[in-house]
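Note that the numbering used here has the sequence shown beginning at 1, numbered continuously upward.
FYI, nobody ran anything at the bench for these hints, they're computed from the structure. Using N, Cα and C, we set each Cβ at its ideal position, and we do this for glycine too. Any given hint might turn out to be false.
[What the hints assert, rightly or not] Okay, the calculated beta carbon distance ranges per label pair:
# : residue 1 : residue 2 : range
1 : 22        : 90        : 32 to 42 Å
2 : 90        : 54        : 26 to 36 Å
3 : 80        : 28        : 30 to 40 Å
4 : 72        : 20        : 14 to 24 Å
5 : 24        : 51        : 25 to 35 Å
6 : 90        : 25        : 35 to 45 Å
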Amino acid sequence: DVAVKEYEEQRTGEGCEKWNTCFDCGQGFHGVVKIALGWAAWKTYLGRPEADDRRLDGLTTLGNSLRDSRPEEALLVLEANLALTRRYWSNENLI
1 DVAVKEYEEQ RTGEGCEKWN TCFDCGQGFH GVVKIALGWA AWKTYLGRPE
51 ADDRRLDGLT TLGNSLRDSR PEEALLVLEA NLALTRRYWS NENLI
């Protein structure tokens, strides 16, 4: 089951949550570390096909990491994220 696998990955630091939360202490990343991990997430999944869920997760992580300190950049990334979501997942009512 995909949901079980994703849950297990999050608990081991292997899933997409690793870009947002410290595996050791459970605290959310912030500041420049959050931005660096946002870029790392995007670069990690960039080579995957456009319709790959992890690629979308990487783009989401990057956009969210930029929101507080670089809102203009975040807006561009999140607009690209929305366009990608509409293109490949609009039938799934995710928007």
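Broken hints, numbered, in rising order? 2, 3
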